Amino acid sequence: MILPDIPNAFDIIRDKDWVIHAAGLVSYNHEDRYRLLDINRTGTEIIVNACLAQKVEHLVYIGSIAALGKELNHETLDESKAWFQNEYSTPYGLSKYLAELEVWRGAGEGLNVSVILPSIILGTGDWRSSSLQLFDRVANKMPWYPGGQTGYVDVRDVVQFTSLLLENKNIGQRWILNGKNMSYAEIYLLIADKLGIKKKYREAPEWLAKTILLATNIKKGRFSIPELVHQVYGSFSYDASKSLTVEDFRYRPIEKTIEEIVEVYLEKKEVIFEVLKKVKFFEKHA
1 MILPDIPNAF DIIRDKDWVI HAAGLVSYNH EDRYRLLDIN RTGTEIIVNA CLAQKVEHLV
61 YIGSIAALGK ELNHETLDES KAWFQNEYST PYGLSKYLAE LEVWRGAGEG LNVSVILPSI
121 ILGTGDWRSS SLQLFDRVAN KMPWYPGGQT GYVDVRDVVQ FTSLLLENKN IGQRWILNGK
181 NMSYAEIYLL IADKLGIKKK YREAPEWLAK TILLATNIKK GRFSIPELVH QVYGSFSYDA
241 SKSLTVEDFR YRPIEKTIEE IVEVYLEKKE VIFEVLKKVK FFEKHA
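The opening residue of the sequence shown carries number 1 in my numbering; numbering runs sequentially from there.
Some hints could be false.
[Stated by the list, open to error] Beta-carbon label-pair distances, calculated as ranges: (1) 171 - 87: 17 to 27 angstroms; (2) 69 - 10: 29 to 39 angstroms; (3) 82 - 26: 35 to 45 angstroms; (4) 85 - 259: 36 to 46 angstroms.
[Stated by the list, open to error] With a straight-line cut-off of 25 angstroms between C-alpha atoms, the simulated BS3-like cross-links for lysine-lysine are: (5) 141 - 268; (6) 256 - 199; (7) 200 - 210; (8) 141 - 210; (9) 55 - 169; (10) 198 - 242; (11) 242 - 169.
No lab work stands behind these hints: they were computed from the structure.
Computed from a predicted structure; not experimentally measured.
The beta-carbon is built from N, C-alpha and C at its ideal position, and this holds for glycine as well.
Could you put the whole structure together from the sequences, leaning on the hints where they help?
Dropping the structure here:
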């Protein structure tokens, strides 16, 4: 199903007891700001309405930490953090916040819901995703990394936690999932170490990041430079201690996750290279 799609949503959800809604668009392309609202907010509205109509027992919505309000740099955020519109906000974050509001609207109308807010999800699969392209950039010895910090979580932890919520019938709550907070320096150097690369990496000053952005695809007007710079130079931590109160749940070490991804990358790098080459071709000619 491609969101938003009312008939298919109702057909797919018919006779289902549980629904896990993880679909959505991730984009920081300025041209996608209306598509983000259409797919993420309106698509979620349709899913929620279908769940209400079909009397689904439990809807688990997998959102994003992007829906949390970031007021101050070097801030630690937990589930209580409400949306806050400022220089750290993005159209993507706004779309995920509005999508989450649709889920809580459904809860107000009698639907049992749970909301999961993962940090950056790591796992093998779609090598076109921004988190996995990071491995390719490090492997190709990109010498610069941005100066910010964010959180990372193994995709298997997200799957396990979702399953536990359904089994334990934890409803009406918000849950941050975050295996570890890491600076970009830490994750670049960790990936490089697992790849066996000894090259020296350095933090790019903000002025250099802006220059690089101006000199590449940003000149086409696709992205807001201040918005992107705030994203990658903001240092935020995510408190996932609440998730550890769920019985039988523990996070996999992110170091082990990265090691496993690197193993797959090295094994399939020729195929991955062809995929990424096509992505870059289409981006260039779009």
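Problem set entry | In rising order, the numbers of the hints this structure does not comply with | Violated: hints 1, 3, 10.
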